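S.K.: Next come the chains, spelled out residue by residue.
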Amino acid sequence: MSVQTILAVALLTLVGLIAGIAIFVVNRLLPKEDESLQKASEIKEYLPGADCGACGHPGCFAYAQAAAKDSEVVVKTPCRLLAKDKEGTKRLGEYLGFDIDTTQIGQKAVVHCTGDSPVIGAYSGITTCGAAVQVGGGFKECPYACLGFGDCAAVCPADAITIDAVRQVAVVDWEKCIGCGMCVKTCPRSLIELIPADMPQYLGCNYLAAKDVAQRKKCSVGCIHCRLCVKASEHDEVTWNDEKDLPFFDPEKKMVAAAAIEKCPRSIILKTPAFPEGIDTVAEAAPTQEKEQATG
Amino acid sequence: MSELAAIFFGMALVNNMVLSKFLGLCPFFGVSKNLKSAFSMGVAVLLVMFVASAVTWPLFHVLLVPYGAGYMRTVIFILVIASLVQIIEMTIKRTNLTLYNALGIYLPLITTNCAVLGITFINIDSAYTFPQSIAAALGAGLGFTLVLVIMSGIRERLDLADTPKAFRGAPIAFITAMFLGLAFLAFGGMVG
Amino acid sequence: MQSVKESFTNGIMRANPTFILLLGLCPTLAVSTSLDNAVGMTAAFLFVLLLANIIVSSLRRFIPDRVRIPTFIVIIATLVTLVDLMLQGFVPELSKSLGMYIPLIVVNCIILGRAEAFASKNRVVHSIADALGMAIGFGWAIFIVSLIRQLLGSGSLEFFGVHLFTVPGLEENPAAIFLLPMGAFFVIGVLLALFRWMGVSESE
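Going line by line, the protein sequences match chains H, Y and G.
Residues in the first sequence are numbered consecutively from 11, following the numbering used here.
Residues in the second sequence are numbered consecutively from 4, following the numbering used here.
Residues in the third sequence are numbered consecutively from 85, following the numbering used here.
Excised from the complex, chain H in its bound form (with noise of 0.2 Å):
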């Protein structure tokens, strides 16, 4: 055995057991792995991982650190998207010792468009609502209508926000909305409004006349600023937003704007399905007008 041969056989070895020993003493002289980071993996398990934020917390995972920590959290900002699942919540309950109760009122998602503007153009560009809106001002006649490549469906944690093919306009289901929010920072627009579960009613219409853009006019059913709904209002359940120049129905008291609904020339106040029974009213959930699209 040469002295080359043991040489390298020794350094080999050296280094080996010094970096053995440094593992060894750093694992050591470390604080011991958060305990809490065991816990919220498993909680973690349970809950949908969307990372939607709607429970406010940055995302599931910190969610899960937090009830790993305190486990009144799933009660006090519960997880809203684990509402929805009946057997989850179940199953998280069982997880924590505890039944969670998740019923409650919360926010739900209005997308302030009807489709019913037309289609000016082909557009053959990258298809989402993003890329659409900087082409021109958009490929539908009025400057503020809904394009409906469903940039906010695709970001829905829930799959609530459907796409109405023909009139090319995303429409959000209630029954599966969360009121998480996400689609109200997507939508390039800001087309969508995230009002409480309570509200009777909505605009069907987001065209800002403060704003106007010279040759885009409204669709046939896009409000006109009368403010006929303002004067039909007994007991003031509709003001008027000067800035916007469009109704506006205040969330803290969401008063039943039942006249306003029916004078409203252009049926565009919608009724939300927190609307009570057995109101007669004109307007209809969302209005049927057939539009001819124009294809360029």
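Hints were generated in silico from the structure; no laboratory data involved.
Source: prediction; values computed, not measured.
Each hint should be verified, as a subset may be incorrect.
So the derived label-pair ranges between C-beta atoms look like this [to be verified]: (1) H:Gly30 <-> G:Leu169: 22 to 28 Å; (2) H:Lys79 <-> Y:Gly71: 55 to 61 Å; (3) Y:Ala8 <-> H:Val85: 55 to 61 Å; (4) H:Arg101 <-> G:Pro148: 36 to 42 Å; (5) H:Val165 <-> G:Leu169: 44 to 50 Å; (6) H:Ile16 <-> G:Lys205: 33 to 39 Å.
In this text, a Cβ means the ideal position worked out from N, Cα and C, and glycines have one as well.
Starting from the known structure of chain H, fit chains Y and G onto it as the hints suggest.
M.R.: Here is chains Y and G on its own, set in the frame of chain H:
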């Protein structure tokens, strides 16, 4: 000092790890699909490169060279890097959970990353002094991160474009890398 | 359970490490500037992969599961050091041309990957076949890339000093970009697309 700066910028831009030395290609094409993970991977690589250079350089010059065992460097370096990554991962996991969630998962991938082993070899082959090898490591790590971030931005856009079917995924990514490399050629005269 | 023949042919076409698995691209792109380099790299690669597979496969029942990867790495690192020294001793020119990419074989994903995915779970005979197949697959891939790059990048083909072929008109004004890293990216991007177009299945 200006020499250190020259080495730093040289490693980051002129002799970029990925674009001109072909090191670290696997994570370059694997992790560059979205911006956030690309940035996290880049930072993790920078960290490991820095620590690895700081440890292997003295090891080489103090332990290997005096005993004529320079040829042992491959085995010794890889052992050291593997252990270092293990220690770094443990430390981050136990002390800073947020950081661990952000980049801890990329650390095991870096053990067999040619970029890290490559920079340690470059330090030796270019006969750098200790400060120079640290500057080189930092520059290389930053250059790697830069290219990775740019690449992920481009790839996110490419996903939406109408690429011919045969080119989708890896092929178009490589061709993009070519253009990126061409652009970086412009830095050629920068460091004299 | 694959037959020996299947293990062999796997690496050549169906699971070609370079074009299908997209592993070990660093050496392929880095040294493929000339045919000599390609041959040298393939030879080194074959040596390391074959012996690594044999050793790992023979010892697979004795290596504890938790220290699996470090053990593989040490075995591969030793083999790589061997190959590096042999090249430096016998073909110093080639060794200088290949530079640090020979020692970098130790972190080549193909070798570690085959040791981990195949050799540690299969018998020695299969592992040998797999190693040969993978090496041939890697070999012809790097050969093609080098062929294209050298032909277009310098206008002529030379093989260990033997002048083979000259493209008329290209030798005076070669497309030097192909010798640069960017040319390598381009060549492999186009080749990958070609493969995909020809319909060879892939795992991406």
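S.K.: State for each hint whether it applies.
M.R.: To see whether the hints hold, each was checked on the structure:
Take glycine 30 of chain H and leucine 169 of chain G: their Cβ atoms lie about 27 Å apart, and the range 22 to 28 Å holds. Between lysine 79 of chain H and glycine 71 of chain Y the C-beta distance comes to about 57 Å, which sits within the given range of 55 to 61 Å. Hint check: alanine 8 of chain Y to valine 85 of chain H, Cβ distance near 57 Å, so the stated range 55 to 61 Å holds. For arginine 101 of chain H and proline 148 of chain G, the Cβ-Cβ distance of about 37 Å falls inside the hinted range of 36 to 42 Å, so the restraint holds.
Between valine 165 of chain H and leucine 169 of chain G the Cβ separation comes to about 57 Å, which falls outside the hinted range of 44 to 50 Å. As the Cβ distance of isoleucine 16 of chain H to lysine 205 of chain G is approximately 35 Å, the hint placing it in 33 to 39 Å holds.
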